[in-house]
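**Student:** So you can see what is in the structure, the chains are spelled out below.
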Amino acid sequence: MNRAGAAAAFIIAIFAVAAPFFLKPFGIFLISIWAVLTIAAIGLNLTLGYAGQVSLAQGAFVGIGAYAVALLTQAGYPFALAFAAAGGLCFAIGWSLGYPALRVQHHYLAFVTLAFTTLVFLVLRNEEWLTNGIYGINGIARPTFFGWSTRSALNFYFLCLGTLATLSAATWWMLRSPWGRAFVALRENPIRALSLGLDTRRYTLMAFAIGSSLGGFSGGLYAPLVQFIDPGSFALGMSFNLLLMVIVGGSGYFFGPFVGALVAVLLPEWTRIAQGYYLIIYAALVMVMMAFCPSGILGLIDRVSKVISRSGRSAPALGAEGIGS
Amino acid sequence: MSAILEVSRLRKSFGGIAAVDDVSFEVREREILGIIGPNGSGKSTLFNCVLGQLGPTGGEVRIDGRRTTGMRPCDLNRLGVSRTFQLLQVFPQLSLRDNLILAGQEHQGSMFSRLIGRADAGLGEAADEMAEFFQLSHLADEPAGALSYGQQKLLDAAMAFMAGPRLVLLDEPAGGVNLTMLAHLRERLQAYHAARKATFVVIEHQMEFVMALCTRVLVLAEGRIIAEGPPHDIRQNPKVIDAYLGSSQ
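Protein chains in written order, with this note's numbering: chain A, 1 to 325; chain B, 1 to 249.
Looking at chain A on its own, in the form it has when it is part of the complex:
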């Protein structure tokens, strides 16, 4: 891990641990949502930012994970098992979706994944015997581990934060392994990668499936966090929102999703003081941001820090590309 990356992780950790003690219950709920959606955004960043595949299916994977945990825990299975099943199921579905879908790329892949999201929404809505249709699933219990109950908002937040820390550490490990190098190679020049012996198809599928499983894990926490889920939560809006987080934060930057999710969760709340206009203001801010820094907030910081140092040495700030040696 390079020094800027370590420093960023340390600062995020301090803020994340200290924040809930200064917040009201709704604030704690918001930062829990932040932690949960960051997990899904890390998954999408892997698919989009590292492997370069545009996916509009991440919200659907969050939905699949959420329903898996809700249904399994209500059927009496322990949370840990249901949570693992959510990730595993999404990995398997991601792999089987990617197998045919990754024959196409860019905006074609975006359309395939868009269709998939719609399909998942329809299944969740129409298969009432399983999902209870538009009425959704109510009263999803928060788990207890060895006598430590996560029923309180504070405890559940720490469960989310702990999971986020574990999964992001695992992702960091993967991105600093030869796989991370291969993912960047796929995005930058797939033809050259192929000529160097990289099985680009297998790596792309792997990135997609692992990204999907992170979506599933995110959903696995989302369900007990909000305690009520319905199909509408996981329609296209969620996928677009996750895409926004990745791009606003800085796609291809390891910490991009953390920043992007923070913006996407907090900005709408802060602009709420403008009452009826708050979504318009939020949308305008996002448009301005995209126009002036298409590489996202971390991309902007990276650029500014390069201008300041001016020595021409371009050590990527904040662990960009995730390859520290």
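Please keep in mind that the hints were generated in silico from the structure rather than gathered at the bench. Accuracy of the hints is not assured; some may be wrong.
[Said to hold, decoys possible] Straight-line Cα separation of at most 20 Å, EDC-like style, residue types lysine to aspartate or glutamate; simulated pairs:
1. B:K197 with B:D64
2. A:K306 with B:D141
3. B:K197 with B:E29
4. B:K239 with B:E208
5. B:K197 with B:E142
6. A:K306 with B:E142
[Claimed, not checked] To spell it out: a stretch of chain A is covered by chain B in this simulated footprint if at least three of its residues, at any positions, have a beta carbon under 8 Å from a beta carbon of chain B; those stretches are:
7. 169-182
8. 185-199
By construction, the Cβ of each residue, glycine as well, lies at the ideal position given by its N, Cα and C atoms.
On the provided structure of chain A, position chain B as indicated by the hints.
**Tutor:** Frame of chain A, contents of chain B only:
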């Protein structure tokens, strides 16, 4: 000496036009074969067919006697067939060292072992040695995109050699490279060839480069082989002068 690469009756058509038209040749172990020809004579298409980047319309390719027509580039590469590109094809955001490690990492272990293994896939030293060999050591930590054109050309060649290939296809290695860099590149290619007993096939426009490097030359025009022989003979072949040298000089 036995043939490492056999191309027989290879055809590749785009629509009604045959870019490669019934081409057959052999590449012997340890030779440096040059392929020359005017623009549009089908040299790059021929390479792409041999390397699996394009599916040929007809004919076949054998490597070590094994039929490889239709194999994917990544599988061919793992059989020990490597290439460089006409246009710059490095990974600009990866450091020079990471470019080199990437070029070797898929040649060892399984995909899973690469996930849990060392970050440099155990290739850090080999990458440094390769950088040293091409005199690029001082740039090892620079992103490849920050290197000069000539340096990227050298890196491209270094990447092709990282996995210790037996057969290397070089597509216009001298294209756009200044004379000093060109001499350096040629000298490094010869040094590598001598040290590692590799076989090279080189597509090139720069005649001096071909004459100095290659042991045998094939001339392609309009998708067909029109001449073949030692560089000295090729230079004097009237058909070649007519098709290529005559028109360009």
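**Student:** Taking the hints in turn, state whether each one holds.
**Tutor:** Results for each hint:
1. B:K197 with B:D64: holds, 15 Å
2. A:K306 with B:D141: holds, 16 Å
3. B:K197 with B:E29: OK: B:K197 and B:E29 at ~9 Å, within 20 Å.
4. B:K239 with B:E208: holds, 19 Å
5. B:K197 with B:E142: It is violated: about 31 Å lies between the C-alpha atoms, which goes past 20 Å.
6. A:K306 with B:E142: With Cα atoms ~14 Å apart, A:K306 and B:E142 stay inside 20 Å; holds.
7. 169-182: holds (count 7)
8. 185-199: holds (count 12)
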